[in-house]
Amino acid sequence: MKTTILAAAALAASASLASAQQLAPSPTLDAIKARGNIECGVHLGLPGFSFANDKGEWTGLDVDYCKALAAAVLGDATKVKFTPTSVQQRWPILQSGQVDLLSRNSTITFSRNATLGLNFQGINFYEGQTFIVRKKANAKTAADLDGASVCVAAGSTEEKNAADWFRERNLKVTITNFQKNDDAITAYDSGRCDAYTAGVGALAGQRVKLKVPDEHIILTQPISNDPQGPVTRWGDERWQLIVRWVLNGTIAAEALGITSANVDEMKANSKNTEVRRLLGAEGGFGAMLGLPDDWMYKVIKQVGNYGESFERTVGMGSTLKLERGQNQLWTKGGLLFTPPFQ
Amino acid sequence: MTKALALINDKRVRDWIYQLALVAGLVVLTIYFVRNASQNMVKAGIASGFDFLWRTSGIDVPFVLTSYTQADNILSLFWAGVANTMLVTVIAIVLATLLGFVLGIARLSSHWLLSTLAGAYIEFVRNIPLLFFVLFWYFGVIAALPAPLDSLSVFGIAFLNNRGLTIPLPDAPANFRWAVAAILLAWLAQWLVAFWARRRKERTGRDAPVLAIGLVLVILVPILAITWASLATRWDIPILRGFNYRGGFVVIPEFVALLAALVTYTAGFIAEIVRGGIQAVPHGQTEAASALGLRRGQILRFVTIPQALRVMMPPMTNQYLNVLKNSSFGAAIAYPDVVSLFMGSALNNTGQAIEIIAMTLAVYLVIGLAVSALMNWYNARIALVTR
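Protein chains in written order, with the working numbering: chain A, 1 to 342; chain B, 1001 to 1387.
Hints listed in this document are in silico derivations from the structure and should not be mistaken for laboratory results. Given the structure is predicted, the values throughout are model-derived calculations rather than measurements. A couple of the hints might just be wrong.
[What the hints assert, rightly or not] List of simulated lysine-lysine pairs, BS3-like, C-alpha gap at most 30 angstroms:
hint: 1; chain 1: A; residue 1: LYS301; chain 2: A; residue 2: LYS81
hint: 2; chain 1: A; residue 1: LYS79; chain 2: A; residue 2: LYS332
hint: 3; chain 1: B; residue 1: LYS1043; chain 2: A; residue 2: LYS33
hint: 4; chain 1: A; residue 1: LYS135; chain 2: A; residue 2: LYS321
hint: 5; chain 1: A; residue 1: LYS33; chain 2: A; residue 2: LYS136
hint: 6; chain 1: A; residue 1: LYS81; chain 2: B; residue 2: LYS1043
hint: 7; chain 1: B; residue 1: LYS1325; chain 2: A; residue 2: LYS180
hint: 8; chain 1: A; residue 1: LYS79; chain 2: A; residue 2: LYS135
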């Protein structure tokens, strides 16, 4: 009996030694390749981040990330199936394996990371929670909202943040919790609430949906910090590596000056070794993840670097007109920083 | 051998065996599912168990009947949600029954306009989804009401606006507790007096002044007690400051909208049950009663309705259970019921989907079974006793 176990162990050990050259298995990646698309969980509809236009085409910063991932993994940015998720559905949909990842306005928090079986693979949007109010209400900061009624999406981090923030300052607000962000903003618009609270990016996106957007202002002072980025479930380390490094790659590309316009030229002529490794001209970095070596080349060619995506979706080239602010590269005064491609 | 065979052929024994096998099967299946789920959750790194109930909730609830505040734990949030569900359910059941009876009887009326109007209303209501009613009342009610600055004032102490109805609240409820105790005592006394009077009449045939004593005990005592308590208490009268009225108790528009939707919707179904129940009583009963010289009102009260009730009770139970379940539609308009607070906010903050959904299911199951047990008991009490 004992000998058989020992023999089996020895066999397993030698087998694992023999396959040491091979990559760790990635069931998620295999499934994606077999089905030919990435299943990406996105927001139900938030202009600038994930929004389906009347032709059913998804656009936005979070959507762009899904496309970048598809370009890296499948070589084609269009091979994404978007699954719109509400605040309530998002975690179960990811946990149960219905989507390969979530790329939607969801704050990275300790307890989500520790208890929900979720991993956060980096940050593609830094923001703070604030309020949208009517101009005629004459509120300049959140503290002026004493006595106000505030609409919020139930179960969001904003719901707790707002309750805590006002309680700590002995201010009384009435918080009304709606099941969906859209229900909350509709109620705010109909006059049920004096303010609606969410991240500043989400507010800019939601403001577009109001009846008369110009009658409302977004308070500038944030009451929290809400970093957001792609989320995966526990397990499948190699898939998590891919998700993390595609995001890093788009930011690194901006830092290295690679854009969708000059990517071909950079790949052919650049002497910068980091550029050459990123674009697959040397180093075989794609293969280390189990991807083709030109994985990031395809991402930048088809979707662009982080800065291009930002400008197009939420920045000055979009209806949201958000400043880069914290979401600028660290070299330009922002918070975006990636480990080197070495 | 033959003895065992005889046992197996005994229908009662066989029935027992089937029942036991079914229960055992269910238990095994449940254990299998629970084990499977918990193992998968451990594998996926998802925390499980009910420890999260003692975490601080941090969720602000705009409409609470319990002493819940956001500093309390999630279990208190759960009870606050259950209390809100119960409140809207109980009030909706009472009001829907009243409205349903009126509509049902109106539909049977010989007055053409009355019966046509009632019939049109019933058909309209029964063919429209409840969600439509909820949203209609919510956005209808809110759109119709003014903003806080232009509130409708009721004698300068209560104010109606699109944030709800703000009413004065007593600073110290102690006086009202005494008043409620006095009222309950008076009602108990009235019941005892009536009981004693009936016994005496059966024994001696003499009448007691039950009506006069009853009026004093049932109506005058409560009026006096409430008046005394109101005068002896300092009131927190709402005043306009900043965005809205401060102080007092706010009846939120979500509650009003959900209640109105549940009542107007359910009344349509109850009206049909009432009509069916009354029509099920053979016409000969009415004719016989009228031959005895009873007036129309008396026929309805003493002959028709008691017999109709027997037919109405079982479907009525279903409607009451529907009200309970339909109260969860409040989640669509941010009424803080158990679904909205617990399956919405708490579930998202903790991510404990399986535990929270199981607890919510249990709430509906327990209340539902209690309602149907009560209704079955009443049904058994009024059932036809044949000798």
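* Broken hints, by number -> Of the numbered hints given earlier, those the structure breaks are 2, 5 and 8, listed in rising order.
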